[in-house]
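As they're listed, the protein sequences go chains A and B.
By our numbering, the letter at position 84 of the first sequence is numbered 105, and the numbering carries on one by one without gaps.
By our numbering, the letter at position 192 of the second sequence is numbered 213, and the numbering carries on one by one without gaps.
The reader is advised that the hints may include incorrect statements.
[Claimed, not checked] The calculated DSSO-like cross-link candidates involving lysine-lysine, where the alpha carbons are at most 27 Å apart (straight line), are:
(1) B:K219 with A:K269
(2) A:K219 with A:K156
(3) A:K180 with A:K134
(4) B:K293 with B:K359
(5) B:K447 with B:K134
(6) B:K54 with B:K43
(7) B:K156 with B:K219
(8) A:K156 with A:K396
(9) B:K156 with A:K180
(10) B:K180 with A:K134
(11) A:K271 with A:K293
(12) B:K134 with A:K180
(13) B:K219 with A:K271
(14) B:K446 with B:K396
(15) A:K452 with A:K495
(16) A:K43 with A:K54
(17) A:K219 with B:K359
(18) B:K495 with A:K134
(19) B:K495 with A:K156
(20) B:K396 with B:K156
(21) B:K82 with B:K396
(22) A:K269 with A:K359
(23) A:K219 with B:K219
(24) B:K396 with B:K180
(25) A:K446 with A:K421
(26) B:K452 with B:K134
(27) B:K134 with A:K359
(28) B:K45 with B:K82
(29) B:K359 with B:K269
(30) A:K396 with A:K447
(31) B:K293 with B:K187
(32) B:K452 with A:K156
(33) B:K271 with A:K219
(34) B:K446 with B:K82
(35) A:K438 with A:K134
(36) B:K187 with B:K156
(37) B:K156 with A:K359
(38) A:K219 with B:K269
These are computed hints drawn from the structure, not numbers from a lab.
Listed here are the chains, written in short residue letters.
Number of protein chains: 2
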Amino acid sequence: MDTFSEKTEHLYLQIAGNIEQKIKTKVIGIGDKLPSLRRLCEMYNISQSTAMQAYYHLESKSLIEARPQSGYFVSRVIKRFPAIPATSQPVSGLENLEMNSLLDSVFSHIEQKDMVMFSHGVPAEEMLPVARLNKGLIQAMRDLQGSGTAYEITQGNVKLRRQIAKNAFRHGHLTEEDIVTTTGCINALSCSLMAITKPGDTIIVESPVYFGILQLAQSLGLRILELPTHPETGIQPDALKKALETEKVKACILISNFSNPLGSCMPDEHKKEVVRLIQQHHVALIEDDLYGDVYFGRSRPSTCKSFDESGLVLWCGSVSKTLAPGYRVGWVAPGIFKEQVNRIKLLHTISSTSITQEVIANFLETGRYENHMRKMRHTLYTNYLQYLRVIQEHFPEGTKVSRPQGGFVLWVEFDRKIDTIHLFKKAAAEKISFSPGRMFTLRRQFDHCLRLNYGLVWTEEVQRALIRLGEMAKEIGEF
Amino acid sequence: MDTFSEKTEHLYLQIAGNIEQKIKTKVIGIGDKLPSLRRLCEMYNISQSTAMQAYYHLESKSLIEARPQSGYFVSRVIKRFPAIPATSQPVSGLENLEMNSLLDSVFSHIEQKDMVMFSHGVPAEEMLPVARLNKGLIQAMRDLQGSGTAYEITQGNVKLRRQIAKNAFRHGHLTEEDIVTTTGCINALSCSLMAITKPGDTIIVESPVYFGILQLAQSLGLRILELPTHPETGIQPDALKKALETEKVKACILISNFSNPLGSCMPDEHKKEVVRLIQQHHVALIEDDLYGDVYFGRSRPSTCKSFDESGLVLWCGSVSKTLAPGYRVGWVAPGIFKEQVNRIKLLHTISSTSITQEVIANFLETGRYENHMRKMRHTLYTNYLQYLRVIQEHFPEGTKVSRPQGGFVLWVEFDRKIDTIHLFKKAAAEKISFSPGRMFTLRRQFDHCLRLNYGLVWTEEVQRALIRLGEMAKEIGEF
Numbered sequence: 022m023d024t025f026s027e028k029t030e031h032l033y034l035q036i037a038g039n040i041e042q043k044i045k046t047k048v049i050g051i052g053d054k055l056p057s058l059r060r061l062c063e064m065y066n067i068s069q070s071t072a073m074q075a076y077y078h079l080e081s082k083s084l085i086e087a088r089p090q091s092g093y094f095v096s097r098v099i100k101r102f103p104a105i106p107a108t109s110q111p112v113s114g115l116e117n118l119e120m121n122s123l124l125d126s127v128f129s130h131i132e133q134k135d136m137v138m139f140s141h142g143v144p145a146e147e148m149l150p151v152a153r154l155n156k157g158l159i160q161a162m163r164d165l166q167g168s169g170t171a172y173e174i175t176q177g178n179v180k181l182r183r184q185i186a187k188n189a190f191r192h193g194h195l196t197e198e199d200i201v202t203t204t205g206c207i208n209a210l211s212c213s214l215m216a217i218t219k220p221g222d223t224i225i226v227e228s229p230v231y232f233g234i235l236q237l238a239q240s241l242g243l244r245i246l247e248l249p250t251h252p253e254t255g256i257q258p259d260a261l262k263k264a265l266e267t268e269k270v271k272a273c274i275l276i277s278n279f280s281n282p283l284g285s286c287m288p289d290e291h292k293k294e295v296v297r298l299i300q301q302h303h304v305a306l307i308e309d310d311l312y313g314d315v316y317f318g319r320s321r322p323s324t325c326k327s328f329d330e331s332g333l334v335l336w337c338g339s340v341s342k343t344l345a346p347g348y349r350v351g352w353v354a355p356g357i358f359k360e361q362v363n364r365i366k367l368l369h370t371i372s373s374t375s376i377t378q379e380v381i382a383n384f385l386e387t388g389r390y391e392n393h394m395r396k397m398r399h400t401l402y403t404n405y406l407q408y409l410r411v412i413q414e415h416f417p418e419g420t421k422v423s424r425p426q427g428g429f430v431l432w433v434e435f436d437r438k439i440d441t442i443h444l445f446k447k448a449a450a451e452k453i454s455f456s457p458g459r460m461f462t463l464r465r466q467f468d469h470c471l472r473l474n475y476g477l478v479w480t481e482e483v484q485r486a487l488i489r490l491g492e493m494a495k496e497i498g499e500f
Numbered sequence: 022m023d024t025f026s027e028k029t030e031h032l033y034l035q036i037a038g039n040i041e042q043k044i045k046t047k048v049i050g051i052g053d054k055l056p057s058l059r060r061l062c063e064m065y066n067i068s069q070s071t072a073m074q075a076y077y078h079l080e081s082k083s084l085i086e087a088r089p090q091s092g093y094f095v096s097r098v099i100k101r102f103p104a105i106p107a108t109s110q111p112v113s114g115l116e117n118l119e120m121n122s123l124l125d126s127v128f129s130h131i132e133q134k135d136m137v138m139f140s141h142g143v144p145a146e147e148m149l150p151v152a153r154l155n156k157g158l159i160q161a162m163r164d165l166q167g168s169g170t171a172y173e174i175t176q177g178n179v180k181l182r183r184q185i186a187k188n189a190f191r192h193g194h195l196t197e198e199d200i201v202t203t204t205g206c207i208n209a210l211s212c213s214l215m216a217i218t219k220p221g222d223t224i225i226v227e228s229p230v231y232f233g234i235l236q237l238a239q240s241l242g243l244r245i246l247e248l249p250t251h252p253e254t255g256i257q258p259d260a261l262k263k264a265l266e267t268e269k270v271k272a273c274i275l276i277s278n279f280s281n282p283l284g285s286c287m288p289d290e291h292k293k294e295v296v297r298l299i300q301q302h303h304v305a306l307i308e309d310d311l312y313g314d315v316y317f318g319r320s321r322p323s324t325c326k327s328f329d330e331s332g333l334v335l336w337c338g339s340v341s342k343t344l345a346p347g348y349r350v351g352w353v354a355p356g357i358f359k360e361q362v363n364r365i366k367l368l369h370t371i372s373s374t375s376i377t378q379e380v381i382a383n384f385l386e387t388g389r390y391e392n393h394m395r396k397m398r399h400t401l402y403t404n405y406l407q408y409l410r411v412i413q414e415h416f417p418e419g420t421k422v423s424r425p426q427g428g429f430v431l432w433v434e435f436d437r438k439i440d441t442i443h444l445f446k447k448a449a450a451e452k453i454s455f456s457p458g459r460m461f462t463l464r465r466q467f468d469h470c471l472r473l474n475y476g477l478v479w480t481e482e483v484q485r486a487l488i489r490l491g492e493m494a495k496e497i498g499e500f
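Take the sequences, apply the hints, and build the full model.
Shown next as C-alpha cells:
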C-alpha cells in the first residue's frame, strides 16, 4: 500500500544530493547533458517516479534545467527560476479597507463545480484517506458510549488530547491536560482571541496575512498591526521588537510554519527571539501551526510553543489540512490561558462533535496518520515543483514566487502594472479561480500579488489552467 | 416497534377526559373509589400502561388520588398537589453576582458516574434512538461526497435546512434559504448575539433564566435585564412593555416553549403581543425554541417567529434535546439578520461538522423523527408525573412546583428558610446532584429554589434519590 515510504522519500534526496555534489565539484560541467530518466532509473535501480522527483528537486534549486525534446542539462544561468519576493513593508496607519465583496466573490466560486480552484488552501479530496477514516467512523460508533450521541466534556475527547500531546512531543512538552479541542483551527484562534482580548485592543499579525485572521480580528473590534514579513523566514523579529516597544499590544498571531499565504517558516532562532520578546513585554502569542505536519524537508519544524516556558504561547492546530476539513477537529494548547479558553468554548458551543474527535484520536493512535502524511507530503511537494516550473515557463518575465518548504500555498508577485483584481475577473470568466493579494491585508498593498493553492490533483486540466493564468497575466501586463 | 403510537397517546387522554367528565358532572362523587387498573383495562380494552397513564394524568390534575393498598379515589381536596410558584419579581438594579464557582461545582458532577444527575437538562442515553442514528451514519458516509471529509458550505447542509424549514411549517413559514445551521443551539444563540449586539448593549431575559444565556451574555459584555416571569406563561408582556419603553434595549432572548428552568410555555396571545412590542420598538427577539418538539399536549406549540412579519425574530433550535447532544447540530432562522449571522459563523468556525448534519437531515426526512418523538414525549410525561407524585409525598410541606407542559425540567420552590446551596452540598455527599436556583439569576433571588431534570430513566434508584432529596430538604427546614 505504502508506495512512498520514508525510505523512498529519502532516496530521491540522496540521488539529487549525489548529482548536486558532482555539479559543484565540476565532475559534470555547466551545459552538460544529464542522464535520461530511463538511464537514471537503471543507474540507481530506482522507479521512474523517484528519478523524476530527483530531477525536479534539482530543477527547483536552479541547478539543472529541462529542454523540450532534449532532456535535462546543467543550468547555464545560476538563477533561472523566479526570484523570491522581498520582505513586505506594510505602510503604517490602519486603513481597514473594506474587502467583504471581494471575499464573497472568491467564496462564491466554491459552489461552481467546473472551476479550477487555485483559490483555496485545502487539500483535494483525492489526497485524503477517506476509506480509512470511514473504517474509523464505524469503530468509533462501537467504542463510544452512546455511539457519540452524548455530550463530550468541554475540554474534549481525552484520547484525542493525549494523541495531540504525544505528537507534539517532538516539538514541545505537552500533556493531555494542556489541550482543549475546538471546532477546527479557526475556532481555536477565535476562542483564543476572545479569551485574551477585548474590543479596542491591538494585535500584531504578519503581512500578508491569512484573510480569515483579519476578518475575525476585525469582527471582534481589534486594532490590527501588520508587520514586515519575509517570504522565507516570516515576521521580522526586529520589526516585532520595535512594535512591542512603541505600541500597547495585547497579542500576536503568527503562522509559524509554512504560513498562509507566503509559505514562510520561521527558523528556530527567530522562534526563540519572538518568544523572548513576547515574554519580555508580557504579550500573548497565538501560534497558528495548522500546516506544521505538511513539511517537505526531513523533519517537522519546531514551534514557538516548544521554546516557551512562560505559558504565554497558545499553540493552535487542526486536522483540517491533513485529514478531514469537514470533521471540524482542531485544538489549542492555551498555556496559562487554559481556563479562559475552555470557558469561552463552554459558553459558545458547550462541546465539540463527539464522534469525529474519536475517529481522529484513533487515526493518530494507530500510526495511520504518519503513513498518510508521508504520501501526502510527497504529492504536495511534487505539485509544488510542477507549479514552479509552469510559472517559470509561462508567467510574465520578472514574476517572483515564494519558496514554501511545506503547506499548500504559493505567493506570486507580478510587476506592479499587473492588477490581480483585474486578472481575477478575467480568470473567473475562463473558470479559473485564485485569491488576489488584496485579500491578505488591510492596507493598500499586494494589488499585484496572488495566492495559489497547489493542493490540487495535478492533471492536464490543472496544468492548462495554470498556463492560461500566466498568459492572461502577460496580456494584462502588455496592455 | 412503535408501542406508543399517536393513537395510543390520544387514547389515554380520551379515557382520562371521559372520567374527568364523570367527576365534574358528579356521576362519580368525591371520595368514591375508581375502577382498579385491571378493571379499567377490561372496560376500555386497553393496555395496563395506557390505563396507568390515564390515572396519572387525572392525578396530576388533582382530580383523583392513589391510596396505598387501596387503589384510586376521587380527591376530597381540590388542590392536594403542590402549588405553582408565583410570578418572579426580580429586584431592579444589576448585581451581577459571581457564580462561576457554583457552576463549576455543578458541572464537576458530570464526570462522577455514580451520581444521580437531577442537575442537567438533557435526556438519558436510553431515550435516544442510537441504533437508528448509527444506521444513518453509515448511510451518510455513502451518500456524502468525500464521506463528510469536505467542508460543508457555511450556511449548512441544504437537505438539513430544507427539513428544518419543512418541520417548522406547522408553526412558521420558512424555506431552506432562511436557515443557518450551527454547532448546537447555544451556538445559535451565540452567533445571533454576536451578530446583533456589541459590548455595553442591554438585553432582556426571563427570570429565572437558563444560566448558559447569562454566562454567554456576560462574556460578551452585555447588560442583562431580568424581567418578571410566570411559571406557566413565561415572561410578563406588561413588564416587557414597560422595559422597552424605559430602557434602550438591543435584543430579547426568550425560551418561548417549555422554558429552562421554569417549563413555562407562552400562550399564543403572549407570543403575538411580544412580537408586536419588539416590532414597535424595533428590537430583535432571539427565540430559543429547543424544547418545542417535546410537548405533552396534543400538538406542538407555536413560535413567536410564526407571528413575525418584520424579520426581527431569530428562531433558534437543535436536536440536542431530542436526538443527539454530541452531534452538535443546531440552527437559527435569523430573519433580516441572516447575512450577519452567517458571517459570524464563517469567521468563527468556517462551517459545522458535515456528517452529523447529513445524518440528522435523513432522520428528519424519513419520518423516523416523529416516531421517535412520540415515544420520547410519552416517557418524559410519565416521568414528570412520577416526579410530581414523589414531591407531593416526600418534599417539605408548602413546596411549590412548576407545571411544565413539555421539556425536561421542573422548578421547585421551597420555603425561604431552606437554602438550596446548603442542600446542594448535603445532597452531593450522598451522590445526588441538582441545579440550585442561584444559578438562574444575576440578582439576589431563588436561594430557596432548585431545578430538577426528569429526563432520566425512572428506576428504583432514581425514585429513592428523589425521596432522599425531599427528606434532606425537610431536615434543613426543621433545623
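Evaluation of the provided hints:
| no. | hint | result |
| --- | --- | --- |
| 1 | B:K219 with A:K269 | holds (23 Å) |
| 2 | A:K219 with A:K156 | violated (43 Å) |
| 3 | A:K180 with A:K134 | violated (37 Å) |
| 4 | B:K293 with B:K359 | holds (22 Å) |
| 5 | B:K447 with B:K134 | holds (18 Å) |
| 6 | B:K54 with B:K43 | holds (13 Å) |
| 7 | B:K156 with B:K219 | violated (43 Å) |
| 8 | A:K156 with A:K396 | holds (19 Å) |
| 9 | B:K156 with A:K180 | holds (25 Å) |
| 10 | B:K180 with A:K134 | holds (19 Å) |
| 11 | A:K271 with A:K293 | holds (19 Å) |
| 12 | B:K134 with A:K180 | holds (18 Å) |
| 13 | B:K219 with A:K271 | holds (20 Å) |
| 14 | B:K446 with B:K396 | violated (35 Å) |
| 15 | A:K452 with A:K495 | holds (18 Å) |
| 16 | A:K43 with A:K54 | holds (13 Å) |
| 17 | A:K219 with B:K359 | holds (25 Å) |
| 18 | B:K495 with A:K134 | violated (68 Å) |
| 19 | B:K495 with A:K156 | violated (55 Å) |
| 20 | B:K396 with B:K156 | holds (19 Å) |
| 21 | B:K82 with B:K396 | holds (22 Å) |
| 22 | A:K269 with A:K359 | holds (23 Å) |
| 23 | A:K219 with B:K219 | holds (11 Å) |
| 24 | B:K396 with B:K180 | holds (25 Å) |
| 25 | A:K446 with A:K421 | holds (21 Å) |
| 26 | B:K452 with B:K134 | holds (10 Å) |
| 27 | B:K134 with A:K359 | holds (25 Å) |
| 28 | B:K45 with B:K82 | holds (13 Å) |
| 29 | B:K359 with B:K269 | holds (23 Å) |
| 30 | A:K396 with A:K447 | violated (35 Å) |
| 31 | B:K293 with B:K187 | holds (22 Å) |
| 32 | B:K452 with A:K156 | violated (39 Å) |
| 33 | B:K271 with A:K219 | holds (20 Å) |
| 34 | B:K446 with B:K82 | violated (33 Å) |
| 35 | A:K438 with A:K134 | violated (31 Å) |
| 36 | B:K187 with B:K156 | holds (23 Å) |
| 37 | B:K156 with A:K359 | violated (37 Å) |
| 38 | A:K219 with B:K269 | holds (23 Å) |
In summary, the structure is inconsistent with hints 2, 3, 7, 14, 18, 19, 30, 32, 34, 35, 37 from the numbered list given earlier, while agreeing with the others.
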